[in-house]
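Line by line, the protein sequences give chains A and B. With the first sequence counted from 1, adding 12 to any position gets you my numbering. With the second sequence counted from 1, adding 12 to any position gets you my numbering.
Hints were generated in silico from the structure; no laboratory data involved. All values reported here derive from a predicted model rather than from experimental measurement. A portion of the hints provided could be inaccurate.
Note: identical chains are not told apart, hence a pair may lie in one copy or across any two.
Stated by the list, open to error - The calculated DSSO-like cross-link candidates involving lysine-lysine, where the alpha carbons are at most 27 Å apart (straight line), are:
hint, residue 1, residue 2
1, K239, K588
2, K298, K164
3, K30, K298
4, K242, K494
Protein chains: 2
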Amino acid sequence: MYQGGYTGKILRINLTDKTIKEEKLPLEVAKDFIGGAGFGIKYLFDEVKPGTDPLGPGNKLIFAPGPFTGTTIPCASRISVTGKSPLTHTVGMCLSGGHFPAEMKHAGYDVLIIEGKSEKPTYIWIKDGEVQLRDGSKVWGTRTFDCQQIIKDDLNDQNVRVACIGPAGENLSKLACIINERRAAGRKGLGAVMGSKNLKAIAIRGNGTLEIASKERFKIARGEMLKAMKESPVLYPQFALTGTPSNVDNTCALGIFPAKNWSATGKFTPVEKIGVEALESRNVGKEHCYICPVGCSLLRLARTGPYAGILSEGPEFETLYSFGGQTGVDNIDSIIAADRLCDELGLDTISTGVTIGFAMELFENGILTITDTEGLELHFGNHQAMNRLIYLMAFRDGLGELLADGVKIAAGKIGRGADRYAMHIKGLELPGYDVRGAKAHGLSYATAYTGGDHNRGYAFQEIFGLPIPYAVDRLSIEGKGKLTKWNQDVRTATSDCPTMCVFLLDTAMAPMATENTASLMEAVTGLTYKPQDIEKVGERINNLARAFNVQEGFTRAEDTFPERLMTEPLESGASKGHFISKEDLKVMLDEYYAARGWALDTGIPTREKLVELGLGSVADQLGV
Amino acid sequence: MYQGGYTGKILRINLTDKTIKEEKLPLEVAKDFIGGAGFGIKYLFDEVKPGTDPLGPGNKLIFAPGPFTGTTIPCASRISVTGKSPLTHTVGMCLSGGHFPAEMKHAGYDVLIIEGKSEKPTYIWIKDGEVQLRDGSKVWGTRTFDCQQIIKDDLNDQNVRVACIGPAGENLSKLACIINERRAAGRKGLGAVMGSKNLKAIAIRGNGTLEIASKERFKIARGEMLKAMKESPVLYPQFALTGTPSNVDNTCALGIFPAKNWSATGKFTPVEKIGVEALESRNVGKEHCYICPVGCSLLRLARTGPYAGILSEGPEFETLYSFGGQTGVDNIDSIIAADRLCDELGLDTISTGVTIGFAMELFENGILTITDTEGLELHFGNHQAMNRLIYLMAFRDGLGELLADGVKIAAGKIGRGADRYAMHIKGLELPGYDVRGAKAHGLSYATAYTGGDHNRGYAFQEIFGLPIPYAVDRLSIEGKGKLTKWNQDVRTATSDCPTMCVFLLDTAMAPMATENTASLMEAVTGLTYKPQDIEKVGERINNLARAFNVQEGFTRAEDTFPERLMTEPLESGASKGHFISKEDLKVMLDEYYAARGWALDTGIPTREKLVELGLGSVADQLGV
C-alpha cells in the first residue's frame, strides 16, 4: 500500500524501443510537488534537456492527475499534460477534465511519461496495470470523436476512456490539442508533440480504488469543502446554470472583452448575440466530469442556417471570445460549429480563433490580399470563412498552412509589418481578457511560465471583484506584482497540482484554498502540510518552471506584451483610456521579481530563492 | 422458461397515455411467423387499420429481432422495424444490424410495439425488463451519433445500445431512417414515423441469456452453417475483405450499374474511381455486428479536399450507387462524406441520393432552374451541391423542402413533366441495379411488398450467377415469375425472420438455406419444421403483407416500373439494347401471380391461397 491518494507508480513508455516500465514515485517528490502540474514540471525539468526539439523524439509528454483525482473529492478529475511546447518553447502544461483523469488513477498510475517516437501510428492501451502498444493505423487520420469510438470498439469495451489527437495533431499544427471525451488539454501545441511521436491515442480502463490515509480527517476536510461550495453565492446559483459564458456579459460590462484582434475592445460587445441569454435557446443539457456535482459544462445545439444540428460541449467563454469577439463574429451558431470543428480536428479553440482574427485584421488592412487567402473574404465577422479556415489549418491546406502554427510564426512568414498584429506572449495567443483593463491579470500573462496564459495566475480579484486575499483596483498597477505571485503560487498549488478544477477556486474556495488543500492533502495522503506549505509548493513549481524557461533562453525581455497593449489606450467602454505603458510594466515587473526573489535585471531566480525552495541543484544547473 | 431463442414477451408502449405493458408472445405466432419481419407484418396487419395516417398516432412501430438473434448463431444480430410507410403507404419494413438487436433480446423482449404519440420529445429506456419513458429534450435536434453518446452519458452507462432518429426524422422527412451505432434501418421513412411520435430514441441494455432447446441439435446445425461459411469461395476470401462495394465492379461489368438518374447506365461506369480498388486507400478498419465473424462493414476515411478526415462505416454498394452513379459523382471522398452526413442527419442514403440525382436530371433538362435551386448548380457530378442538398433536405430548407419527401412527392409538386424522371416504384426510390439487365431482380422490385426494394427478393442468380435453385439467363424473362416467388419467400423466411444477415444467404447459405434454417429453428426453439415449412412461412408473410397493401388500395396496376425502364433500351455496356417492355412485364407478372395463387387481373391473393396458409380470417377481411 502506498500513501493514500497516490498509486505510487510512474508508468514510463518508450515508443522508440517499445519498452514499458513501472517506477516507484518517490515520496519526497509527492511531498514537494503534490501531483498534476507539479509532477509534470518536475519530470520535464529533470528529463528534457535544454534545446531539445519539441517535435523530436527527445521531447516527452507527461500525463499526471493529482492525489485528489479518483477519490470522492468532487471536481478533482483533472489531469495535467506537460511537455516542452512547440508553440512557445517554454514549459507546455495544460489540464483537462472529464473521466479520463480518474480512470488513469483507477488503472494504477500517478504519472505516465511517454518518450521517444513510434515508427508507425500507434495507441497505448492501459488496463489495470496491463499495458499494450497497439496498431494505430485504424484510427490514424480520424477525427477525435470517431477515434474514441473506434478504439472502444477495437478493444470491445465501451467503458474505456480515450485521450487522442485529431488530424491537426497528426499534421503537427502547433495549435493542436489533445481531446478526451468532449474536453481538451488545449493549449501550447501538445497535440503536435503527441503527433510527432506517432501516438494517436491513450486508452485507459481502471477498476482499482484509492486508499484514504485518514477517513476521519477526510470526512471533515471534504465536508468543509462541500459546505463552502454550498454556501457560495456564485457556484450553484449562477455558475452551475450558465457555466463560463457569463463571462461574456461580465467582461463586456468591464470593457475588457477583446474584440477584432484587440483593435475594438469596448466597441464590439455582442452580449445580446453571444452572451448568456443568447445561449439559453441553444442549451440542451449538462455534462459532468467524474463525480462533479456542479456540471458547469453545457451541451449546446446550433439552431440556424448551415450550422443547424451541430452540437458542442461549450462553447466556453474563451471560445466565445476567440471565435466571437476576436473575429468580430456574432453568429452564435457559427461559433458552436467552430467549437465542435476544433474539437473534432483537435485544434485549440483559443489559439485557432485568435489566429483567424489576426488574419482577418491583416486582410482588412491589406497585408493579406484576396490572392493570399485564395479567394476567402476574410473580413471581420465572416463566420463562414472562419469555419472554412479552421479546416484548412488542421490540414495545412493553402492559407491554412500559413496559419497552422499560430500568429507568431505566421507573422514571421508574412512579414510586411504583420507582427504588429500578432497578439501573443512568448508565442502563445492571448486569451479572452483585455488586460489593459485588468492589470494583475496582464502581469500574469506576461510572466506565466507557459506564455500568454489566463490559467496560471487568474486575477479573480480584478475579473470578479473578489477581495481575496485583499481588494484591488483592476485599473491600477499598485501592488500587482505581489498579487500576481500569490495568484500564481496559490493557483498552481491548490488547482493545478492536487488536481482541482480552477472554477472551484474562483467561485467558492478562494477564501480557504490553501487551508482546505492542506487539510485534504493530510487526510488523503497522510503527508503533513500547513497552509503556507501549500503556497510554498506553488512557489517551488513556479520557480522550477521558470528555471526550465531560463535554460531555453527566456529572460526579463520576454516578459512583455504585444506593442498594441502598451501603446493603444482602449477607446470605448468601462475601461476607456486605459493601457499598460512600458513604464507601468517595468514597475509591475520590478515588484513581481522582488516578491519572487528573482534578479531584477534578468528575471532569473536567485540561488537564495532556489535553495530556500529545496532546488539547490537547479541553482547549480542554472549557474546562479 | 419460454421456447428457447424466444423470450416469450412482447413489450407494448403507448406514448399517448404512457402505459407500458408486457404481453405473452403466442406460440402459434412464433411457429407461423418465426420472428423479425414476420412478427412485424403480423402485428402491423392486425393492429394498424386500413387508411391510417402513417404519420399520425394511429400508426405503430414494431421492432422485432428473431429467434436466432442473441444466441451464438453468427450473423443473426438483425432487427426488423415495421410500420406503415409514409413514403409508400405500403408495409414499411426494413432491417438493421449492429449490437442493438441482440441487446433487445438480452433485455428480455421478442417484440417491441410502440403506439400513440408522446406530447413532448421522449426516449425509451429498457434495462433488463425495466422500462422508462425519459425526457428527450436533451437530445431533440441532435445528430444521431451525438444523440447516442449523450444518452449513454445521461444513463451513466456506456454499454447501452441506442437506436435513434436525426433531424430528418424529427422534421418528418419521408426519407428519414433510424440509426443504431453506425447502422441504419434505412428505407421507407420509418424515421419519420418515429419523429411523428416525438420519439427520439430507444436505449437498451440487456444482461440476460437465451436458452437453446436442444444443445446437441444446435451444435450440429450451427456447425453445418459454419462449415458452409468456411467453404464458401466468396464469403471469407472476397466478401469479408471488400464488403459490398465489389458490386460496383460487378454491376458495371454487367452493364447494370445505374447512372445519372438511370439515363446513362452502361455509359458512366466509374469503377476505377469509386470501386473496390479506389476504396482500398480509404480503408481504415472493420466493424463487426454482434459476434459476426465476417465483418463485411469497413470503416473508410475520406482523404482529400474539403472531405479529408471524414469517416464512414461504408459506403456500401447502394450508397456508392446513389451518391455515385446516380448523381454522376465519381469523387469517392465526397461520397464517403455524403454517407456520413446521411447517417448523422438520419436520412436513407439510397432514397436521398436517388432524389438528388432526379433533381440533377431535372436541372440538366431545364425543368428545375437556377432560381428553383436558389443558386445551386445542380449539374450531374457536382459533389459539393450534393452534400449541401443533403443538409437542406434534412432540415426542409429551401430546395430541401421540395425534395425532402422523395421523388414521387417532389415530382407531383414540380409538375412540368417531372414525373417522367422520378425513379421509384410505389413511391420507393429504386436501388442500385438497372433491372433492364436483370429481369427477375426487376420483377421483385415491381412486386415487393415494400415498393422498389432490392432486399425483399434479391435475384442473386442474376447478379452473381449462382445456379440456386437453378441457373437463369439474367436478360431473359423466362421463368422469372416462379423464381421471384422463390426468391421472395426464401429470403423472407431464412433472412428477414430468424433474423439472419442477407449477405450470408447470397454468399454461402443459398444452397441449403431452408434446410439449415429448419434445423436451426428446431434446435433453438424446439418447434419442428421441414425445409418446405420454412419456405411456407415466407409465403405466408408475403401474402399477409400483400393483403395489407391490398387494403391500402394497391393492385396489379401498381406492380410496375417507371416508364423509362419500359421504353428506353440500355444504350451501352454489357446489357446494351435491353429493357423490360410492358408486354414483358405482363408475361412475368402473369407467371408470378399464377405461382403465387393470386388473381391474375387484380394481383389480389385468392381465398384458396390464404386459407392454405392459415390466413382464412385475412380472406374474410379482404372479402375474397
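Checked hints:
With identical chains, the CA atoms of K239 and K588 are never at most 27 Å apart, being 40 Å at best within one copy and 82 Å at best between copies. Within a single copy, K298 and K164 get their C-alpha atoms as close as 23 Å, and across copies as close as 13 Å, so both meet the 27 Å cut-off. In this assembly of identical chains, the alpha carbons of K30 and K298 lie at most 27 Å apart only when taken from different copies (26 Å versus 40 Å within one copy). Neither within a single protomer nor between protomers do K242 and K494 lie at most 27 Å apart by alpha-carbon distance, with minima of 30 Å and 76 Å respectively.
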